[in-house]
Structure formats: structure tokens, C-alpha cells
Amino acid sequence: MSEAKRLHPAAIIFRIITIARQSIFGLLPIILLASNDGFFSYLLFGGVFLLLLLIGYSILSWMRFTYRVEEDQLRIEQGVLIRKKRTISKHRIQSIDLSQNVIHRIFGLTKVQIETAGSDRTVDAALSAVTFVDGKLLHDELKQKTKVAETIEEETTTDSHPDKAYPSRKISFPKLFIAGSTSGSFGVILGLFAFALSEAESFIPDTIYQETTNWLISQAIQTIVILGLLVFIGIWLIGILGTVIKYGNFTITRYEEELYITRGLLEKKQTTIPLKRIQAVGIKESVIRQPLGFAAVFVEIAGGEVDKQEGTQTLLFPLMRRSKVQGFLQEIVPEYQDLPESFTALPKRALPYYLVRASWILLLAIIAVAIFLTEWVWIPIVLLVFSAILGVLRHQTNGFHLTDSLLTIQMRQFSKETIMLKHKRIQAFEKTQHIIHRKQELATMKGSILNNFFGRHYKLSDLEQKHVDQIADWYSLREKQGSD
Amino acid sequence: MRQSPNERIAEDAIKAWKLLAILMAIIPFLLTLTLFILAYIFTFSYWYGIGLLAITLAEGIITIFIIPKLRWRRWRYQIYDQEIYIQHGILIVNRTLVPMIRVQHVDTKQGPILKKYGLASLTISTAATTHEIPALLEDEAYALRDQISELARVEQDDV
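Going line by line, the protein sequences match chains G and C.
In this text, residue positions in the first sequence follow this note's numbering: the first is 1324, and each later residue adds one.
In this text, residue positions in the second sequence follow this note's numbering: the first is -14, and each later residue adds one.
Pulled out of the complex, with its shape left as it was, chain G reads as follows (with noise of 0.2 Å):
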């Protein structure tokens, strides 16, 4: 594979696409504005000019992208005006990924995309459309030099094909579709359907709409109520189905220094997380989650991919039961294995701070709406019960259990979550202090770990003293060095 490759033709679809969903809500209003005023041909124009353009650059920049894999690296050659040539070395590539679209799937293409270790997403490369043997071949050539080159042993390993011999999970149907009816996703989809809803309102014609609204209001209540049971239902099984098509066939494989991950059901990706980024590793129990006993596993992770969706936490396994977890962990990362079945808790004066914390703004939100709407004063006073038993609730939740490499805090802020810290990802430790604290030996600690490009800081309010004091020991290397 020494000599310069292109990509598929594919990318030029890819191209057009990434770069008119830029643009669009650039061009939007100028096309709201001119189709008003009754421009449409200089529009239609316009549009078809940028379109040729647009399809002359996509080609244009398609023929310049090449590619090519020599000796140890990897090098690009792309632009149109500005000629840019990389060259990434394959000691320096963290993770190479595969995933595919529609689109790909169709054309039986994979995209592939080049993780290096630094947090500047520019330096990372990605081809967009090559063909899935092409991917599949650069991948082993990539990814093989570098286990080579670290480890002589892998070799055979890697040869002898990998999937057999390492552990692996894969979700089950019904899992996911519990994951899916559980998964916040129902709020989301509603807001998005009234808004979809109030749009449609305005290209609905007036006659339309007034015949169905009057419609609706003929009818006997338990229609409306059935209607609007249907809309529920509809809502909840898009849901579903959106969970479904994301992490349909779900699967997590351990290898010796990666986790690799495959999910979707249109859309295949691939996610490869070396183990030396994991930072810390996580189960959350949502509020709807935690009384059927599920719950999910994620990890923090340094570095690597930013999905929009999930923010900072990559998720290792989207739903399983809290009580598999322990065997989960035992197998696809021992190293965090000690999951701690009980957890140092709160003392009970720290209780008022967890109730005051949860509930200050509804206090006020009383006394303002106890004064200007007087006859609505029992809303903020029945959320002000709600915010109370949530304060009771995470002072329950919130603890922490303190092995020798690992600090486990178990803290709520909706959801339940649990997290795993080693003694080495922790980057500081922070223990902090107001003056009625101080007074009565409690103290808030803060441990901060690194996610991606931003640090991430696990707090615990209200601690006794001493127990803050026992972990700042734990986690000081002097102190402990002393006491050897």
C-alpha cells in the first residue's frame, strides 16, 4: 500500500453533504427573506450556482485527498487553494475505527478514523469513504506495526484472529428494549414534536385546521383522552425505536490494552478505547432506571471522541442489572473490579445542608408567588416537598468506600452514579471548609480527574471530618510514604 490512494467516489457525496448542513442555517434566512419578496428566480439561480459550485469543490477536493501508508506512517495530502500534507506515525495512532453509515452500507464503503493521543481534534485524521476491504486493510496494517512494536508476543494473537479467545458481551434484545422505554430520550421527543407541531400550524392551510380542531372539540372526552394515550404511546415507542437503532447489537470486546466496541443497527460504528485513557469508570442509575434494579456502565476517558449526544462519558454497556455489574467489570475491566457493596455514609448533621442545597430556590420561589399569586402558591410548595425528599434522597445516596488503589464515591444528583477512581488518575484533591463546618467537623472534598480537554470534579459535600482527612491521607504520597 506504498503507493497514493484515493478516496471512493462516495466522498463526494460525504463532502456535499457536511458542507450544505454547515451552511444551511447560514443560508436559511437569506432564502426566507428573498422567496418572501418574491426573488424566487434570482433564488433559484443562486441556488443552482452554489450547488454547481458546491459540486465542483466536493470533486476538485476529492481528486487532491490521497492517501498512503509508508514505512511507519501514515500520510495525507489534501486542499484545493491551501495544499496540506500530514504525516502521522503509527506509534502515535491511539485507535483506528471503522464505522459505517447508510450510505456506506449501500456501497459497501467504511469510514475510518485516525485517533492520535493529543486533544486537538485537528491533528486527528479521518477518510471519510474508502472501501470496507480498503479499511479493513489499513487497519491491520496501522494497528499490527504498532502492537509489534510494543509487544513481540501479540503477535501470534493478533494473527490467529482475535475475537475467540477475549471476553466480549453483547446486549440482548430485550435489554435494549427496556434501555430504550427507560432512556430519558421520551422528554426530548415530546419537545421536538410540539415544536414540529407549532411549525406545522403555519403550513397547515387555515380551513384544515379549523375543520380538525372543531372535529376535536366535538368529540366525547374518552376519545381526546384515547388520542392523546396514542400520542403518548407513539412518543415512547420512537423512543425506543431510536435507542434501538443506536445500540442495536451492542457489543463490548476486552482485549489486552483496548476496549473495542461495536454498535447500531443502520449505522455501525466502532469505538476503540485503549485502556491507559480510561480515567475513571462509572454505573449510573437513572431515577426511572433504579427501582427495576438496571443500570448503565461508562467510563471517562482522556482525550478521543466528543459524541455530542452522550457528552464527556462513553458508555461501556447501555443497560444491564446492577447486580451483573460486579461480573461485568470482573471481566471487561478487572482492573476496576473491587466494586464496593457498601459505602461510608453521611452523618446526620449534614442532612439540613442536603435539604437547604435542594430546596432554597423553591423557599424563595414561595415567598415571591405567596405575594404576587397568591392562589398558585401550592405548586412551588408542592415541588418544595418533591426537592425536599430529592435533598433526603442524596444524602442517602452519597458515600464513598476507600480501598487501597481505588476511591469509590457513590453521589445523586437525579440519577444515581457510582464512580471509580485509581489513585493515579486523580489529578488533585481539594478539601474545603465554611466556618459552621468547621465547627462541627464536616468538610466537603472535591477529587479532580481528566476528561476529555476539560477536568472533571467529583464532589461530596458534608463529610465528617475525619473521613475527608483519611482519604487526603490516602491520596498524599508523602503521608503515606511516612508512614512505611
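Heads up, a few of these hints could be off.
What the hints assert, rightly or not - Here are some, though not all, of the chain C residues that point toward chain G, as calculated from beta-carbon distances under 8 Å:
id: 1; residue: Ala6
id: 2; residue: Ile77
id: 3; residue: Asn79
id: 4; residue: Ala113
Unchecked claim - In silico EDC-like cross-links for lysine to aspartate or glutamate, where the CA-CA straight-line distance does not exceed 20 Å:
id: 5; chain 1: G; residue 1: Lys1745; chain 2: G; residue 2: Asp1796
id: 6; chain 1: G; residue 1: Lys1647; chain 2: G; residue 2: Asp1661
id: 7; chain 1: G; residue 1: Lys1747; chain 2: C; residue 2: Asp66
id: 8; chain 1: G; residue 1: Lys1769; chain 2: C; residue 2: Glu117
id: 9; chain 1: G; residue 1: Lys1762; chain 2: G; residue 2: Asp1792
id: 10; chain 1: G; residue 1: Lys1607; chain 2: G; residue 2: Glu1654
If you are wondering where the hints come from, they were derived from the structure by calculation, not from laboratory data.
Every residue gets a Cβ at the ideal spot worked out from N, C-alpha and C, and that includes glycine.
Knowing the structure of chain G, use the given hints to seat chain C on it.
Using the frame of chain G, we list chain C on its own:
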């Protein structure tokens, strides 16, 4: 984390902070002045202006004469071979541990105010956090920066 760190920051920090607070106090003072002028032009009661003036004065006295001293008294740090230990905060006391092996880089900084008093601030960055020791004697800050970067030059696992 039971004991406070030993080292205090430079005593001139109080003067530097005072100067900064005086400069900052100009803004609310100007606002108060504006209110008086507006009261004169639109002929509404001067009491609003007087009220604001009282608040401005109280705020000025607190930020100029009280806070810098308290802040300085609380500010402590200590550099060990293995870690950096920092304490700060007036009502809410913060104590931070930063292991040397997690330190990514150290900077010294000097703005015009600090320069006037021959001071410099030291910023310690890890991959996830930054910590600042706000006012050290110039030479001390530079020496400390070199010392920390020397100590931090241990082989790191990664990240």
C-alpha cells in the same frame, strides 16, 4: 490535611490587593456619582444616591481594608518533594493537594500591580485543574517555578 501548610505568601500581597481593590472600587463609586447627577437632572430624591453611597462606602471599606488582610492571613502553601499543598479562603477554607507527578506545567505571571511591589504569581497546572499561588516575591516565585518543574520531571505513566 489536618495541619495547615507552613509557608506564607509575601506580605506585600496585602498592599497589592489593596491597590487592586481601590482600583476596583472606582466602578461602584462612578455609578453612585452617576446616580447623584441623574437625581440632579431629573430632580428625584437624593436619598437613593445616599443609600447607594453608603453601600459603596461599606463595600469599599470591606474590600480595601479588611479582606486583603484576612486573605493574606489564610493563604498558606507548602512544597514537598512529592506534592504541593495549598490553603486559601476566608470564610470557606480550601485545602488542595497536588501530587508532583500530576503537574503538567508551572507558570509565573506578573501584572503591573504585582510588578510595582516586586511580586509574581505562580500557576500550577495539572491535566484537569489549575492552581495559583497569587503573590510571591519575584525571585522566590522564579526559584519555586524551577524547583517544581524539576520535581515534576518524574516519569509519568501517561496523561
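Lys1762(G) and Asp1792(G): Cα distance at most 20 Å? Measuring from Cα to Cα gives roughly 16 Å; hence the hint holds.
Within a Cα-Cα threshold of 20 Å, do Lys1747(G) and Asp66(C) meet the stated pairing? Within the cut-off at roughly 17 Å; holds.
Closest C-beta approach of Ala113(C) to chain G relative to 8 Å, hint status: Cβ of Ala113(C) sits 3 Å from chain G, so the hint holds.
Status of the Ile77(C) interface restraint (C-beta, 8 Å, chain G): Given a least distance of 4 Å, the restraint on Ile77(C) holds.
Proposed proximity, Glu117(C) with Lys1769(G) (alpha carbon, max 20 Å): holds (17 Å)
Does Ala6(C) pass the interface hint, meaning its C-beta sits closer than 8 Å to a C-beta of chain G? Violated, about 22 Å.
Given the hint that Lys1607(G) pairs with Glu1654(G), test it: the Cα-Cα distance must not exceed 20 Å. Status holds; Cα separation ~19 Å.
Hey, Lys1745(G) versus Asp1796(G), does the alpha-carbon distance stay inside 20 Å? holds (15 Å)
Is the hint on Asn79(C) kept, meaning its closest Cβ partner in chain G is under 8 Å away? Nearest chain G Cβ about 5 Å off; hint holds.
Holds or violated: Lys1647(G) with Asp1661(G), Cα cutoff 20 Å? holds (13 Å)
Taken one by one, the earlier hints fail for this structure only at number 1.
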